[in-house]
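Just so you know, the sequence shown maps onto residues 347 to 830 in the working numbering.
Source of the hints: derived by calculation from the structure; they are not laboratory data. Misleading hints may appear alongside valid ones.
In silico lysine to aspartate or glutamate, EDC-like type, Cα no more than 20 Å apart, as pairs [claimed, not checked]:
1. Lys463 / Asp528
2. Lys637 / Asp593
3. Lys573 / Asp514
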Amino acid sequence: MLRRLFAASLLAAPALCASAQDWQKRSIYQLVTDRFATSDGSAPPCDTGERIYCNGTWQGVISRLGYIQNMGFDAIWISPIVANIEGTTPEGQAYHGYWTQDQNALNDHFGTDADLKLLSTTLHEMGMYLMIDVVVNHMAATSLPPNYTAFTPFDEQADFHRFCWITDYNNQTDVEQCWLGDTNVPLADMDTEDDAIVDFFNNWIHNLVIEYGADGVRIDTVKHIRKSFWPAFVAAANVFSIGEVLDGDVNYVSPYTGVVDSVLDYPTYYPLYRAFNTTSGNLSELADTVKAAQSSYRLGEFMTGSFLENQDNPRFQSTQTDQALVKNAMAWPFIQDGIPILYYGQEQGYTGGNDPYNREALWLSGYEEDKPLVMHVRTLNAARKAAIAASDQYLNTSLKFLSVSQNTLVVSKPPMLTLLTNGGSASTPSWSVPDVGYAGDEDLIDALSCDTMKADKDGGVSVQGSGGMPQVRPDALCDSRDVR
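Turn these sequences into a full structure, and let the hints guide you.
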C-alpha cells in the first residue's frame, strides 16, 4: 500500500501555538465550507434536497471572516479538507467532506493548497484560530464490495475490517469494527489495529496540522475506533483536539474524555434541546445531566464543546420558532463551563430539519448583521468575554444551579448570573434567589437588554421578566451599551 504523506513546507501558515487552555477562552463558529460563501461573492441557487456541491470555497470563507468576527467569534471549524468520492451517488455528492477517498490530496471543490494556506494565514493575522475536521475511521465507496484500488493510500482489502454492518450499538466491538454507511455509500472501516495504519495516521495528522497551520482538530466518529488508538494520535497532532462521540449517555461518553482533549457534549445537547423545545420541557433533566458530566468527565464540563445545532442534527427552529424559547436555548452554550460552538445559519434563523435540510447556503441570507439573532449572538459572546476579563477564575469555576423550577433556571458562574426560562414569549417569568453572593444593593445589569436592577440588602435577586426572555447579568457589561 502507498504511504505518501502531506509534506510540511516552508510556506505553511504557522499556527498560533494554541494550548487547550487557550481554546477554552475562544468561541467557535462551525461552517460547512460548500455552503458558507463562494469565491466571487455570487449567490447561486442551492437546493439542499439535491445534496450536491453548491460551490462554497475557502476563498469564500476568507471573504466573509469579518462577518464571523463581528459576532465575536475568534475561531472557525471548517469541513473536512481531503479529497472525497467524485460524481453523484444515490445519496448525492460529497459536498460535506465526510466521504474520504484520498487522504493525501485536498478536495479541489473547495480550492487549492494555496487557498487553504491563505485562509489559515488570514485567520492568524486576525487573531483567530483554525480548526480542521478529520475523518480517520473510514473511507467512502460507491459499491459493495468496494473497489479498494480507488482508495489512497489504503488500496487493499486487508487495510480494512471485514465487512459487516453495525447492528448492535450496545456491542462495542461491533461499533468499532463493523461498517457505517449503507449499500449506496458503504463506509469501509479502517483496520486501526494494524500498526502500519496507525503509524500512517499519526504521521498524517502531524504533517497535516503543520502544513496548514491548524490550531485544533475536530475528530469525526471517535467512538468507532478503539480508545487506545487516540492518545498517540492526539499527541502527534500536538494541537487541541475535540472528538465526536455521538451518544447521549454521560457514562458512555466520559471515558473518551481521558483519551482526547475534549468531546462535543452530546449528553447535554439532548436535554438542552428538550428543555427549551416546548413550554413544558424538563429543565431538571438539563441540570441533572450537567451535574453528572461535571463529576464524571476528566476535566468536568471544562473544555467540552457546547452546541445547540450542528450538521448532523436538525436545527432547533425546525421544531420550535418561538423566539423567546430560541433565545433561551441559544444562550446556554455561552454561559456554561465549556467552549461555545455556533453552527452557521443559526444566527440567521435557519429552520432546516435533518440532513440534508440543515445544510443550507448562507449566502441566501445576505449575511445580514442587524437581525435579532445575529445581535443576540454578538451580545452573548461579549458577555462571556467580559466575564472572562473580569475574573481570572471564571474559566475554572464550575457552573452551579441556584434554582431549578418547572419553567425557570438560575445559573451562577461568577461573575455571571444567568436567568433562563422555557415559559415562551407569552410568559412573564420571575426568578427569586436569596444570597447569590452580590453585595447588598449592588447594581446588576442585564447584558441582553442593558436594564439595571439592584440586588437586595442580602445580595439576593428577585427579578420580574417579560416576554419569556433570558437575562444574563455579569458585572459592568453594558457601559455605553457597546455590546449591542
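Taking the hints in turn, this is what the structure says about them:
Distance restraint check for Lys463 and Asp528: the Cα-Cα separation of roughly 35 Å exceeds the 20 Å cut-off, and the hinted pair is therefore not satisfied. Restraint check for Lys637 and Asp593: satisfied, since their Cα atoms lie roughly 17 Å apart, inside the 20 Å limit. Our distance criterion of 20 Å between C-alpha atoms is met by Lys573 and Asp514, whose separation comes to about 18 Å.
The structure fails to meet hint 1 from the earlier list, while all remaining hints are met.
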